[in-house]
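Given only the sequences and the hints, what does the whole structure look like? Please build it.
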Amino acid sequence: MNMLGRILMVEDDPKDVELTLTALEEYNLANEVVVTRDGEEALDYLYSRGKFKTRSSDNPAVILLDLKLPKVDGLEVLQQIKSDEKLKIIPVVVLTSSHEEKDMVASYKLGVNAYVVKPVDFHEFVNAIRELGVFWAIINQPPPGSVRK
Amino acid sequence: MARSYPYLQHVRPVVLRYGLAVVSVAMALLVALLVQHYKFHEVGLPLFLFAVAVTSWYAGVGPAALAIVFSALCFDYFFAPPLYSLNFTLNDLPSVLILLTFAALITRFSAVRRSFEDKLRQARDDLQTEVIERTQQASLLNLTHDTIFVRDMSEVITYWNRGAQELYGWPPEQAIGKSSHDLLRTVFPLPLDDIRAKFLQTGRWEGELKHTKADGTQVVVASRWALRFDEEERPVAILETNNDITERKRREEEIRGLNLELARRSTELEAANKELEAFAYSVSHDLRAPLRHMFGYAELLQKRASSLLDEKSHQYLMMILESAKRMGNLIDDLLSFSRIGRAETQKTLVNLDQLVQEALSELRQETSGRDIAWKIDTLPVCHGDRSMLRLVLVNLLSNAVKFTRKQPQAKIEIGCGDADKDEIVVFVRDNGAGFDMKYVKKLFGVFQRLHQTDAFEGTGIGLATVQRIIHRHGGKVRAEGVVDQGATFYFSVPNFRNPGRQP
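Protein chains in written order, with my numbering: chain A, 47 to 195; chain B, 495 to 997.
These are computed hints drawn from the structure, not numbers from a lab.
Ideal placement from N, C-alpha and C gives every residue a C-beta, glycine not left out.
Heads up, some of the hints might be wrong.
Stated by the list, open to error - In silico DSS-like cross-links for lysine-lysine, where the CA-CA straight-line distance does not exceed 25 Å:
no.	chain 1	residue 1	chain 2	residue 2
1	B	841	A	148
2	B	768	B	797
3	A	148	B	768
4	B	915	A	164
5	B	936	B	915
6	B	704	A	164
7	A	114	B	819
8	A	97	A	148
9	B	915	B	932
10	A	61	B	797
11	A	155	A	114
12	B	704	A	61
13	B	900	A	114
14	B	970	B	869
15	B	915	A	117
16	B	915	B	841
Claimed, not checked - Far from chain B, by Cβ distances over 10 Å, these chain A residues were calculated:
no.	residue
17	61
18	100
19	105
20	117
21	143
22	157
23	160
24	164
The structure is reproduced here in structure tokens:
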């Protein structure tokens, strides 16, 4: 596993992971992605603990966060990140199936940087992921202390 | 005798009473002289006493005294020696004394008898007055609709009014003399001893009792008790006034039952709503994900195996992609439809003209490249939820655009019917595919479609959404159409002057 990714992806569904990585491949961004499969693993990565004990302490440039996750759900992860002095500077993009307004409102209240609903149409999905990847991992200047390449 | 007395005493003048004294003494004198003439001596005294007695009996004490004086004088003059002189000698003394003593005694007895008689008469009159008064009171009590009865301190009924008879069914003669609690099989709300203790202390009690009527049915009464005391402040009787509240109680029970039912139903409804919300949430999350995967992998397969697939296989893949997309649209529409049912309406004044412009710009993609003759009237201001009404217009206009697609010259008209004082009627008319009025009832149902999917795409939720929104505004929707000649959709919304109207 690449322990130094510019993008931290938190997604429990392997198919979504594969489709997202496929979409990022076109811009050679797939290698920059670290995938964690639930909220707990994501927090382990961010705090460099558990199986991520040995990784460098750099922050990812962006976190792509699903909301519906096993163990610790996306909103809880978001809350944890945004209430931590060291982590709250990392841009977080919620990437979810949910159109529900209450999820959107809750995410923005917790300080999310963007909220993207995964389109059903694959073309739209690929475009959305690609733009996200390009914007956050390449165009956007990440906060100091992030992985730089 | 009893009746002539007051007549003699009060009506006849005093002269007559004293006249009687003079006349009776004169008669006694006459008879005595007559008897003496036939040589019967010593009858004067008893005759005079008799005259005094008669006078005293009929004319009272005053005339009796006069009769005594006259008798004494006559006796002395006519019968006591020396005869025919009023000279009084010692020899006369015993006779005169006897006369005076007896006369006084007779008068005294007569006076006593009289005073007794007066008292008796007074008592009788009082009694009569009281009887009349009581009879009147009793008949007044009989007039009330309230149930009133009196029981003594040992609970025995002593009075029973007509209201009591009407309520319980027993006539007074059957009720009076019975123990009230036994007769009515009273059910008390508290132990009887507690009620009694409080009642004797305060002299009053109010509460609800259950009684059993003569026919065996039970009544609930609002009962008020009042304690009656005698002159020595001892409790002697209880006045019980009862009002039949059986019907009221029944209604109260009914209302309480209905309220409970209502509360239960609204809890159920709330639970159902929660479930629906959870369901919609789950649909939103979980149903879309596999769909996205189907779509994504079919797309990837198409890309990867493009060269290996024949025409037919490409078509199959296209079918999969189309179906997935269609299902995605269905889910999205269904979710927004359910959201409209759940969302709170936020009503403000809404400029419908502006809303039409917004709807049109939203449909720009669908109208581009089309030749549509628009006729848009000026619309009034209405009262409603802006975003919901916008959705109504978007749905109706997008339908009109869609169903006029096959017309060489499409015409779409937006207008306003005659403004009622309560509501505004807006219509959207097109010259498109129209529909058979036979199916007009199906038009607004969820998933109801009157056209085949390959002729006009759609999920069948648009008009259901329109209807739901308009109903939530307290308005109505209707449609008119002719196959191949177009359709008109009408909806009504509350006038801005009538914002209070609710569905």
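Status of the hints after comparison with the structure:
Taking the CA atoms of residue 841 of chain B and residue 148 of chain A, the gap is about 21 Å. The hint holds against a cut of 25 Å. Between the alpha carbons of residue 768 of chain B and residue 797 of chain B the distance comes to roughly 43 Å, so the proposed pair goes past 25 Å and is violated. With a C-alpha separation of about 14 Å, the suggested pairing of residue 148 of chain A with residue 768 of chain B holds against the 25 Å cut-off. Only pairs whose Cα atoms come within 25 Å are accepted, and residue 915 of chain B paired with residue 164 of chain A is rejected, the gap being roughly 47 Å.
In summary, the hint linking residue 936 of chain B to residue 915 of chain B is not supported, as the alpha carbons are separated by about 30 Å, beyond the 25 Å threshold. Distance check on the hinted pair: residue 704 of chain B and residue 164 of chain A sit about 71 Å apart at the alpha-carbon level, beyond 25 Å; violated. For a cut-off of 25 Å, the pair hint linking residue 114 of chain A to residue 819 of chain B stands: about 23 Å separates their Cα positions. Straight-line distance between C-alpha atoms of residue 97 of chain A and residue 148 of chain A comes to about 34 Å, which puts the hinted pair past the 25 Å bound.
Under the criterion of a C-alpha separation no larger than 25 Å, the hint pairing residue 915 of chain B with residue 932 of chain B is inconsistent with the structure, at around 32 Å. As the CA atoms of residue 61 of chain A and residue 797 of chain B are separated by approximately 17 Å, the hinted pair is consistent with the 25 Å bound. With a C-alpha separation of about 18 Å, the suggested pair residue 155 of chain A and residue 114 of chain A falls inside the 25 Å cut-off, and the hint holds. Note on residue 704 of chain B and residue 61 of chain A: the hinted pairing is violated, with a Cα-Cα distance of about 75 Å set against a maximum of 25 Å.
Between residue 900 of chain B and residue 114 of chain A the CA atoms are separated by roughly 45 Å; this puts the pair beyond 25 Å, and the hint is violated. Pair hint residue 970 of chain B plus residue 869 of chain B holds up; C-alpha atoms about 23 Å apart against a cutoff of 25 Å. The straight-line distance between the Cα atoms of residue 915 of chain B and residue 117 of chain A is roughly 59 Å, outside the 25 Å bound, and the hint therefore fails. For the proposed pair residue 915 of chain B and residue 841 of chain B, the alpha carbon gap of about 19 Å is at most 25 Å, so the pair holds.
A Cβ of chain B approaches the Cβ of residue 61 of chain A within 10 Å, the least distance being about 4 Å, so the stated non-interface status is violated. Residue 100 of chain A, annotated as away from the interface, keeps every beta carbon of chain B farther than 10 Å; the closest lies near 33 Å. No Cβ of chain B approaches the Cβ of residue 105 of chain A within 10 Å, the least distance being about 28 Å, so the stated non-interface status holds. For residue 117 of chain A, the non-interface assignment is confirmed: its Cβ lies about 17 Å from the closest Cβ of chain B, beyond the 10 Å cut-off.
With 10 Å as the threshold on Cβ separation, the claim that residue 143 of chain A sits away from chain B is violated: the shortest Cβ distance comes to roughly 5 Å. A cut-off of 10 Å between C-beta atoms confirms that residue 157 of chain A is not in contact with chain B; the least separation is 22 Å. With a least beta-carbon separation of about 19 Å from chain B, residue 160 of chain A lies farther than 10 Å from that chain, consistent with its non-interface assignment. Non-interface call for residue 164 of chain A relative to chain B: violated, since the shortest CB-CB distance, roughly 6 Å, does not exceed 10 Å.
Hint check: violations occur at hints 2, 4, 5, 6, 8, 9, 12, 13, 15, 17, 21, 24; the rest are consistent with the structure.
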